[in-house]
Amino acid sequence: MRSGSVKPNQKSTIDKSPVVELANISKSFPGVVANRDISMRIERATIHAIVGENGAGKSTLMKILYGLHQPDSGTISINGVLTQFKSPSEAIAAGIGMVHQHFMLADNLTILENIILGYEPTSYGVLSLSDARKRVKELASSIGVDLDPDLPISELGVGQRQRVEILKVLFRGADILVLDEPTAVLVPQEVDELFVNLRKLVANGTTILFISHKLDEVLSISDQITVIRQGSTVATVAPNAVDRLKLAELMVGSDLPGHGERATKIGKNIQLSARDLTVIVKNHKNPVQNVSFDIFESEIVGIVGVDGNGQFELCEALLGLVDIQGTVEIGGIDASNLNVRERLDQGLAYIPFDRHREGLMLSASLWENALLGHEVSLSRGPMIDFDAAKKSCREIVEQFGVTTPNELVPAFVLSGGNQQKLVVGRNLAKAPKVLVAAHPTRGIDVGAQAAVWEEIRRSRDAGMSVLLVSADLEEVLGLSDRILVMFDGKISAELDPKKATPQILGKYMTGAQ
Amino acid sequence: MSQQLSANRNFDSMRKSLNTLGSSLGAIVLALVICGVLLLVTGKDPFAAYGKILETGLTGEKLLEMLKRATPLIFSAIAVAIGFKMNLFNIGVEGQYLFAALIAAEMGTHVSLPAPLHVLFILVVAMVSGAAWASIAAILKITRGINEVISTIMLNYIALSFIQWIFETFFRDDSDGGLNVKTTEIASSGRMPDLVDNRLNGMFIVALFVAFLYWVIVFRSRFGFQLRASGLNPIAARTAGIPAKRMILFALLLSGAVAGLVAMPSVIGDVYAYGPSSTPTQFGFAGITVALLGRNHPFGIIVAAMLFGFLDSTSAVLQLSEIPSSIVKVIQAIIVLVVVIVNEASSRRYNRKIAERAALALKSLDVSR
Amino acid sequence: MTNSKNFRLLVAIFGALAIISTVRLWTDQDGLTSSGTIGTALRLTVPILLAGMAGLWAERCGVLNIGIEGMMIFGTWAGAWGAWQFGPWVGLLFAILGGMFGGLVHSIATVRFNIDQVISGVVINLFAFFGVRYLSELVYVGKKGGGISQSPPQKWALPRFDLPILSGGEIAGWKSPDFLGWLELRRWFIIGDLGGIGRGLTHNISWATVIALVVVPVSTWVLWRTRFGLRLRSSGESPVAAESLGVDVIRLRYYGLLISGGLAGLAGGTLSIVASSYYRQGQTAGRGFIGLATMIFGNWRPSGIMTGAMLFGYAEGIKLVASDSITALFLFIAAISGVFLIYAIIRRKRIQVLIALVAFCLSALAYQTVDTVPESLTQSLPYVVTLIVLATANQRLRPPAMAGVPFRRGEPH
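Chains as they are written, first to last, in my numbering: chain A, 14 to 526; chain B, 59 to 427; chain C, 3 to 415.
Because the hints were derived from the structure by calculation, they are not lab data.
For each residue, glycine too, the CB sits at the ideal point set by N, CA and C.
A portion of the hints provided could be inaccurate.
[Claimed, not checked] So the derived label-pair ranges between C-beta atoms look like this:
no. : chain 1 : residue 1 : chain 2 : residue 2 : range
1   : C       : G284      : A       : H297      : 18 to 28 Å
2   : C       : I150      : B       : L266      : 32 to 42 Å
3   : A       : S136      : B       : R73       : 58 to 68 Å
Let's have the full structure, built from the sequences with the hints guiding it.
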C-alpha cells in the first residue's frame with residue numbers, strides 16, 4: 014500500500030454515470046449460492062441502502078465489492094470503468110472504504126495513530142504528526158465530528174469509535190464508503206449523530222453504501238434502497254415510494270413457511286421463566302433489556318429476529334455466564350444465583366451459537382466431545398467410564414445421523430453440519446427439562462435438518478420445553494407454538510405462528526414499536 | 059439414519075501418539091545433527107563425542123545413575139505437565155520444590171514416628187508445602203487476574219529469598235561445624251531406603267508411582283477430563299458447566315504438590331537434610347524441558363527423563379576426554395527446542411492428513427451403502 | 003505532559019527531596035544521598051534499565067521475551083571475549099551481537115514457527131546458561147586468568163570521565179574544581195543533597211553508562227515519532243488491524259526481537275565490561291527477570307522503566323555502599339507514606355488509603371525494630387514490589403494488547 018502524502022479530498026466532477034455499477038454478480042460457495050445474478054446501480058453522492066435478512070447475501074456482495082472475494086461471474090464498474098479487485102488494497106486505491114461491523118482499532122493507540130497507520134505522512138521515516146493532525150481535524154470537521162486526535166481509543170465510546178473508522182477510510186481518500194450494519198451497536202442518540210455525519214459526507218460528494226436491516230432508519234436516511242432476498246435483488250426503490258410494511262414484505266418474502274401440527278398438548282407447568290431480565294455491559298448499550306417470558310412443559314417458544322439484537326446475550330444470561338438483573342427460574346426453582354453447572358443439573362441444556370467457540374474441543378475425539386457437560390452421568394465414581402462414554406457417543410451418532418467413520422476421530426475432521434448434529438445430539442440424549450437452542454440446524458443439510466427437527470419434536474412431546482433462537486424463519490415458524498420477536502434487546506411482539514404474516518413479522522423484526 | 063461404523067482404528071489416539079513419537083525421534087536426530095555441526099565448528103569431533111557418551115553411558119553402573127538422575131526430573135516434569143494440560147505455565151516449580159524441601163526437612167526432625175509413617179509424613183509435608191507456595195500464584199490469578207507466568211517467575215525469586223532467610227534464622231544446624239551447613243539430619247526412620255545401595259534410591263519407585271497416578275488422574279478421571287477440557291477450549295468448558303476458577307486452583311495446587319517431591323530424593327534419600335549447597339537446584343527449569351520433550355504424557359516424560367539422565371550421567375567422564383562436559387546440557391537444550399518446533403509443524407501436518415483420510419473413509423462408506 | 007502535570011511532578015520531586023534531606027539530617031546518615039551511594043546506584047541501574055528496555059522492545063512488537071536473561075548471558079560472554087581479544091569498545095559490540103543471536107533464535111521459534119513464546123524464552127535461558135559454559139570450557143581453559151567459569155580480563159577498561167567544573171573533570175589537562183563535591187561536603191539542607199546526587203551522577207561516569215541512558219530517549223523517539231515505531235507498536239497492539247492496513251507484522255516482529263536481543267546483550271556487556279572487567283558465570287544473577295519486573299513496574303513506557311530501574315538501582319546501591327542507612331531509608335519511606343496517606347485521605351480513594359496506611363505502619367515498625375535488614379530478604383524486593391504493583395494497579399497497567407498472542411499471516415479474525 015502506498016504511504017501517503019496527505020491527499021486532498023477530490024470533489025467529483027458533474028458526472029451522470031453511476032459511481033458503482035454491479036452487473037449480474039454471482040458467487041457460490043460449496044453448498045450454498047450466496048449471490049445470484051445481482052445487479053445494482055449506485056448513483057454518485059447518494060446514500061444507497063441494501064437491506065435483507067441474515068444469509069440473504071448482503072455481506073458476500075460487499076466483500077466482492079471490497080476485493081475480499083472474486084465473483085464467479087458478473088462485472089463491477091467504478092466510475093464507468095470495468096474493474097476487478099483482487100485484494101482490498103486495490104479497492105482502497107480505487108477509492109472504496111469499508112467500515113466493518115466489528116471495528117479494527119488498537120485500543121492503546123491514539124485516534125490519530127489508528128487513522129494514519131499504514132498510510133503515514135512522513136519525511137525520511139519521521140512521522141509528520143502536525144500535518145496529520147491538521148488533516149484529521151479538517152476531515153473531522155467536514156463531517157461534523159469533534160474529536161481530540163490524541164485521545165487513546167480505549168477512552169472512546171462505541172459511536173465515537175465508529176467515527177474513527179469512518180475517518181480512517183476518508184483519510185485514505187475514499188469517496189465511496191461501505192458501512193456494514195453501522196447502527197447495530199449504537200443507541201438512538203448516536204444513530205442521529207451518525208446520520209448527521211453521513212449527510213455532511215454526501216454533501217461533500219461522497220457516496221455511501223449502507224447495509225442494514227433496520228427499516229425505519231433506512232427509510233429516513235437513504236436516497237435509494239435495494240432489497241436482497243436469498244441471494245438475488247428483489248427490488249430497488251426510493252424511500253418515498255414505499256412504506257415500512259411493503260419493505261418488510263419485500264425483505265421477508267410473500268410466502269411464509271408452514272407450521273407443523275402436533276399431536277400432544279402443552280403442559281401445565283412452567284419450566285423456564287424469565288422476569289425483567291437485563292444484561293448490563295459497561296460502556297455499552299444494554300444488550301438485553303427487561304425481557305420476560307414463560308415457557309410451559311411440552312412447549313416450544315421461538316425467538317425470531319436478526320442476529321445481533323441481544324439473542325446471544327439472552328442465552329448467556331439464561332445459562333448463567335453473565336451477571337443479570339431480574340430473575341431466571343428453571344422448573345420453578347429460582348436459578349438466578351446458580352452457576353452454570355447447577356443450572357445444567359437442574360435440567361437445562363444449551364445448544365450454543367458458535368459450535369467451534371463454545372461447543373467443541375476440535376482436537377479431541379468425538380466421544381470426548383460427547384462427554385463434555387455430561388461427565389457425571391458417564392462416570393463410575395471419580396473415574397470416567399470409557400466404555401459407557403464411547404457407547405453413548407455411538408448412540409448419538411446413530412440416532413442423529415452423524416456422518417463419521419467412528420467415534421474415535423477428532424472433531425475437526427467432521428464437516429460443520431455433522432459437528433452440529435453431534436452437539437445437538439449430546440444435548441438431547443440426556444432428556445433435559447429445558448433446551449435453549451441457538452440456531453440448532455445451522456449448516457446442516459436439508460435432510461438432516463428435518464431429522465433434527467423431528468428429534469426436537471419428539472423430546473418436546475415427552476415434556477421438554479424449548480427456547481428456540483433462530484433467524485431461519487422456516488425453522489422457527491415450523492417448530493414453535495409461540496413466537497417472540499426480539500429487536501434491540503427487547504421483546505417487541507408475541508405472535509401466533511399460525512397467524513403470522515410477513516408484514517407483521519417484518520415489521521417487528523425491523524423495529525416497529 | 060443408521061450406518062455401519064467403521065472399525066477402522068486408524069483414527070484413535072494411539073495413532074496420534076505414534077505420530078508424535080515418530081516426529082520426536084526425528085527431531086532428536088535432527089538436534090543431534092545440529093549439535094554435531096556445532097561441535098565441528100568449535101573444533102571437536104562429534105563422532106568421538108557421541109561415541110564417548112554412548113560408551114560411558116551404557117554400563118550397568120551408569121545406567122543406574124541414569125535412573126537416579128531421572129527421578130527428580132520425573133517429578134518436576136509431571137508438575138509442569140499438570141499445568142500444561144490446562145494451558146497454565148507453572149514456571150514456579152523451582153521455588154515450590156526448594157520451599158518444600160526446607161520445610162519438609164525441618165519438620166521431619168521434629169517428629170518421631172515408626173519408619174514407614176515417618177517417611178510418609180515427610181513426603182506429605184513436602185507436597186503440602188509445595189502446594190501452598192503454588193497457591194499464591196493461583197490466588198493471584200483467580201482474584202486479580204495476574205498471569206501465572208509472571209507471578210511464578212517472581213515467586214521463584216521470592217522463594218529463594220524467603221528460604222534463605224528462614225534457613226539462616228531458624229533452621230540452620232551448625233552442630234556439624236563444617237562448611238556444608240544444613241538442617242538437622244533426619245533420623246533413620248525418616249529416610250527412604252535405597253533400592254541399590256548408594257546407587258538408586260527408593261524415590262525412583264515413588265516417581266514411577268506418581269507418573270502412574272498422573273496418568274490415572276489426568277487421563278482417566280472425571281477431574282482430569284475437566285482439566286484437559288479447560289485447556290483445550292476454556293469457553294466450551296465453561297459453557298458445559300466446568301467451573302473455571304476452581305479448576306485453576308486445583309490444577310496449580312496439584313502441580314505444586316508434585317513439585318514438592320522434586321528434592322525428596324536428596325532430602326530423604328541422600329543427604330537426609332536440606333542445605334543450600336547440598337540440595338540440588340535448577341530442577342524446576344529442567345522439568346520444563348523434560349515435560350516438553352515428553353509431550354506431557356506420563357510415558358513420554360519417563361523416557362525423556364531417562365534420556366536426560368543418561369546424558370547427564372556421562373558428563374563427568376566426558377571431561378576426561380577433552381570434550382567440554384557442558385556439551386551435554388547444550389545438547390539437551392537444542393533437543394528440546396528442535397523437538398518443540400518439529401512437533402508443532404508435524405502435528406499440523408498430521409491433522410491435515412487425518413482430515414483427508416477421514417474424508418476418504420466417508421466416501422468409501424457411502425459407496426458401500 | 004501538560005503544564006499542570008509538569009508542575010505537580012516538580013512539586014512532588016521537591017517535596018521528596020525535602021523529606022529525604024530532613025531524614026538525612028535527623029538520622030545523620032549521609033549515605034542516603036551521598037555521591038558514593040548515587041554513583042553506585044547509577045552503575046547498578048544500567049543493566050536493569052537495559053534489560054527492561056529489551057523487554058519493552060519485544061513486548062511492544064507483540065512477543066513476550068522471557069529469555070532476556072539468556073540473551074544477557076550471551077552478552078556477558080561475547081562482550082568479555084571481545085574485550086579480551088580487542089578491547090572494551092569492540093567488546094560492547096560483540097555483546098550486542100551475542101544478545102542479537104539470542105533474539106534471532108527467539109524470533110525464528112516464535113514468529114516463524116509459532117512456538118509458544120514463553121517456552122521459547124525458557125529454553126533460550128537454558129541454552130544460554132549452558133552454552134556459554136561450553137564455550138568457556140572451549141576457549142578460556144588454559145588461558146591466563148580464565149577457566150570454565152570466567153574469562154581472562156579485558157585488554158583495557160572503558161574510559162570514565164568526570165563532568166568538568168561540576169565534578170572535577172579535566173579540561174585540556176587542567177583539573178577543574180569539584181563544585182558539586184564541595185556542596186556535598188557542606189551537608190546543607192537540600193542543597194547538600196542535590197550536591198551529592200548531582201556529583202554521583204556526573205563523577206567517574208563510564209561512557210557505556212551514557213550510551214545506556216541515551217537508549218531511553220532514543221527508544222521513546224523511535225517508537226512514538228517514526229513510522230517504523232508506530233507500525234512496530236501496532237504489531238503488538240492489534241496485529242490484525244495492522245495487517246489489514248498493509249503493515250508487515252511478521253517482519254516488524256523480527257526487527258523488534260533483534261533490537262530486544264541487542265539491548266539485552268548490551269546489558270550483559272555492561273556487566274562484564276564496565277561493572278567488572280571479565281566474564282564470570284552467573285554474572286547476570288537474575289537481572290533479566292528484574293528487567294521484566296521493571297518493565298511491568300514502568301507500565302511498558304521507557305520513562306517508567308527508567309524510574310523503576312533507578313529505584314531498584316538505588317535500593318541496591320544503599321544496600322551495597324551504605325547499609326547503615328537502610329534504617330534511615332525506612333524512615334524516609336514512612337515519611338513518604340505518611341504524606342501519601344494524607345493525600346489519599348483528602349482524595350477519598352479507599353484503596354490508596356489502605357495501601358498508604360499499610361506502607362506507613364510497616365516502614366515505621368521496621369524503622370523502630372530493625373537494626374539490620376537481612377540480606378536474604380532484601381534480595382526479593384524488586385519481585386515483591388512487582389507483585390504488589392500487579393495486584394493493585396491492574397487497571398492502570400497498559401501492556402501492549404496482543405503481546406503473547408500468536409499471530410499467523412492472513413488469519414481470519
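Exercise for the section: Would you list, in rising numerical order, the hints stated earlier that this structure does not obey? Expected result: Of the numbered hints, just 1 does not hold.
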